[in-house]
Amino acid sequence: MRSSSGSREEARFRAAFAHLCRADPILRSWIRSDYLDPRALRESALARRAPRWAVADHFFIEQRLEALARRHARLAFEEDDEGLNYHSTATRVDRLDEEVGLDLFRHPIWHRYAAFVLNTDLHDLGRTVVKYRRHPPYARGFWIHTDRDSGRSKSLAVLGYLNRGWRSSDGGLLQLWEGKPHRVGSGRPLRRWAAFEGTRLSFLERDRIIDIQAAAPRGLVKIEARLIAQIVPAWNRVVFLDFRSSPAYHSVTPSRRRARLGFLQWLY
Amino acid sequence: MCGDSTWRLGDAGKIAAPMALVYRWLAPQHLDTRRLAEDAAANPAGKVVIIDNAFAAERLPEIERTLARARYTPDNDGLNYDSASMSLDPTLPLSELFRDASWLRWIHAAVGMRFAAPKTNRVALRRHRPAGRGFWPHVDDLRGDPKRLALLAYFNHGWSAADGGALQLWEATPPRRGARPLCWHAYVGRRLDFLGRRREVVVELGGPGERPVNKLRLVDTITPSNNRIVILALRPGQLVHSVTPSNGRSRRAILQWIS
Numbered sequence: 315m316r317s318s319s320g321s322r323e324e325a326r327f328r329a330a331f332a333h334l335c336r337a338d339p340i341l342r343s344w345i346r347s348d349y350l351d352p353r354a355l356r357e358s359a360l361a362r363r364a365p366r367w368a369v370a371d372h373f374f375i376e377q378r379l380e381a382l383a384r385r386h387a388r389l390a391f392e393e394d395d396e397g398l399n400y401h402s403t404a405t406r407v408d409r410l411d412e413e414v415g416l417d418l419f420r421h422p423i424w425h426r427y428a429a430f431v432l433n434t435d436l437h438d439l440g441r442t443v444v445k446y447r448r449h450p451p452y453a454r455g456f457w458i459h460t461d462r463d464s465g466r467s468k469s470l471a472v473l474g475y476l477n478r479g480w481r482s483s484d485g486g487l488l489q490l491w492e493g494k495p496h497r498v499g500s501g502r503p504l505r506r507w508a509a510f511e512g513t514r515l516s517f518l519e520r521d522r523i524i525d526i527q528a529a530a531p532r533g534l535v536k537i538e539a540r541l542i543a544q545i546v547p548a549w550n551r552v553v554f555l556d557f558r559s560s561p562a563y564h565s566v567t568p569s570r571r572r573a574r575l576g577f578l579q580w581l582y
Numbered sequence: 263m264c265g266d267s268t269w270r271l272g273d274a275g276k277i278a279a280p281m282a283l284v285y286r287w288l289a290p291q292h293l294d295t296r297r298l299a300e301d302a303a304a305n306p307a308g309k310v311v312i313i314d315n316a317f318a319a320e321r322l323p324e325i326e327r328t329l330a331r332a333r334y335t336p337d338n339d340g341l342n343y344d345s346a347s348m349s350l351d352p353t354l355p356l357s358e359l360f361r362d363a364s365w366l367r368w369i370h371a372a373v374g375m376r377f378a379a380p381k382t383n384r385v386a387l388r389r390h391r392p393a394g395r396g397f398w399p400h401v402d403d404l405r406g407d408p409k410r411l412a413l414l415a416y417f418n419h420g421w422s423a424a425d426g427g428a429l430q431l432w433e434a435t436p437p438r439r440g441a442r443p444l445c446w447h448a449y450v451g452r453r454l455d456f457l458g459r460r461r462e463v464v465v466e467l468g469g470p471g472e473r474p475v476n477k478l479r480l481v482d483t484i485t486p487s488n489n490r491i492v493i494l495a496l497r498p499g500q501l502v503h504s505v506t507p508s509n510g511r512s513r514r515a516i517l518q519w520i521s
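Sequences listed follow chains U and H, in order. Per our numbering, the first sequence runs over residues 315 to 582. Per our numbering, the second sequence runs over residues 263 to 521.
It is possible that some hints are incorrect.
Stated by the list, open to error - Computed spacing ranges between beta-carbons, pair by pair:
(1) H:Ala-379 <-> U:His-437: 55 to 63 Å
(2) U:Arg-363 <-> H:Asn-338: 25 to 33 Å
(3) H:Ala-318 <-> U:Val-443: 35 to 43 Å
(4) H:Thr-335 <-> U:Glu-376: 43 to 51 Å
Think of the hints as simulated: they come from the structure by calculation, not from any bench. Built from N, CA and C at the ideal position, the CB exists for glycine as well.
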């Protein structure tokens with residue numbers, strides 16, 4: 315799905331892919347007509363350079379998402395990140411024979427759609443992990459990290475949210491950071507992973523520039539993280555996040571009294 | 263949220279819905295401003311909200327007709343902004359919307375700002391020529407021109423990132439002592455290509471009056487995609503923004519400033 319922008323041939327390719335998406339019955343059954351053509355989303359993502367990301371609001375057809383949310387409410391979730399500086403529960407659904415949403419999440423054209431939006435490549439076509447996720451009330455938050463991993467690395471993530479009437483003061487905000495090499499002598503404290511195990515990551519709510527041991531493929535790496543975006547996990551909002559063009563460091567602020575519901579899909 | 267008939271306009275209370283012009287012009291999913299206000303509150307760039315697929319699809323032809331009839335004249339001669347514009351004809355239906363109380367309340371509520379009747383309300387159609395040189399980093403809330411809100415509505419079909427003309431939002435901090443800024447005068451009449459390359463820059467903020475030196479860090483870059491609205495609350499913090507040069511396509515927008 316990656317291509318250089320600008321040439322006539324390239325424009326034809328993009329138009330042909332948009333046509334394919336608009337005609338695809340599974341995409342049409344899930345995605346609102348405004349977004350069946352993914353080209354505007356892609357250009358929004360490309361303009362942002364690093365990290366490369368895009369947000370689509372009111373993305374799914376309401377009835378489909380409501381059905382997914384009803385099912386989500388009945389699922390049993392397990393601790394997802396025990397002992398780590400991430401605090402959530404999840405159930406992995408991509409290995410199941412049947413689950414609400416899997417017709418979309420397993421659909422090859424949906425995979426291509428997500429890769430197209432981020433102008434990235436999938437190296438392991440068809441491989442995906444899908445988790446339905448629940449952050450409990452008063453969740454401690456997610457440490458700044460990249461989803462890149464060693465070995466067969468993730469290309470991108472799609473995050474979707476199921477939280478009606480979510481307020482920024484409810485916490486649980488997805489934060490995106492620009493990561494720069496750490497400089498000694500910045501005057502800011504270095505946030506060390508070990509010092510925060512099991513504690514609320516309240517500093518994420520305050521600081522816009524953080525010196526931190528970010529979680530990266532080969533362990534912890536010291537970076538200067540600068541906040542560039544903070545996304546409310548609102549109902550029917552989808553975030554596309556690319557890990558090929560940059561580490562796309564991200565985090566989640568601690569929650570307050572509401573459980574935060576959503577899904578996560580990785581493509582490789 | 264969609265179609266919620268009890269939508270709320272920030273602190274301004276509820277409005278009897280179907281009578282309001284916004285109900286005719288806006289896509290229904292954006293009528294509830296609470297969600298937008300939460301986005302604005304969370305945005306580290308400032309109280310800014312981006313609204314895609316903003317106008318109702320059936321209203322877009324009317325907007326297209328208005329834009330097609332526009333006769334633009336250069337509005338920034340001799341400055342580091344490169345555009346042409348014209349005031350919106352007050353007799354047009356579109357003008358009725360931009361001056362309607364429901365619209366004005368919607369704009370305020372969308373960025374979580376308490377509504378106050380405007381002292382001035384300027385609406386302009388703006389065009390950046392295909393080789394537009396870009397807009398120098400600046401604030402709109404200038405001394406003697408105390409704007410509090412700016413709305414930018416873009417109408418550019420199939421706009422790509424490579425076409426340029428992106429709105430950039432910057433975080434401003436005091437520069438280090440001795441930092442050498444990019445100077446306003448050195449760029450008059452030149453393409454501002456550095457905007458597309460740099461994520462941090464020390465500049466003299468936009469003139470033509472005072473030009474304080476600031477260190478800027480790029481926070482967001484927003485393409486002028488078709489039917490996208492960006493609302494900027496210009497207070498209490500000033501909001502530094504710029505536009506990258508255009509690369510071969512004419513760029514159209516409707517702008518509204520409220521003081």
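Results of checking the hints against the structure:
Roughly 58 Å separates the CB atoms of Ala-379 of chain H and His-437 of chain U, a value that falls within the hinted 55 to 63 Å. Between Arg-363 of chain U and Asn-338 of chain H the CB atoms are about 27 Å apart, so this pair conforms to the stated range of 25 to 33 Å. For the pair Ala-318 of chain H and Val-443 of chain U, the supplied restraint of 35 to 43 Å holds, since their beta-carbon distance comes to about 38 Å. Between Thr-335 of chain H and Glu-376 of chain U the C-beta distance comes to about 45 Å, which sits within the given range of 43 to 51 Å.
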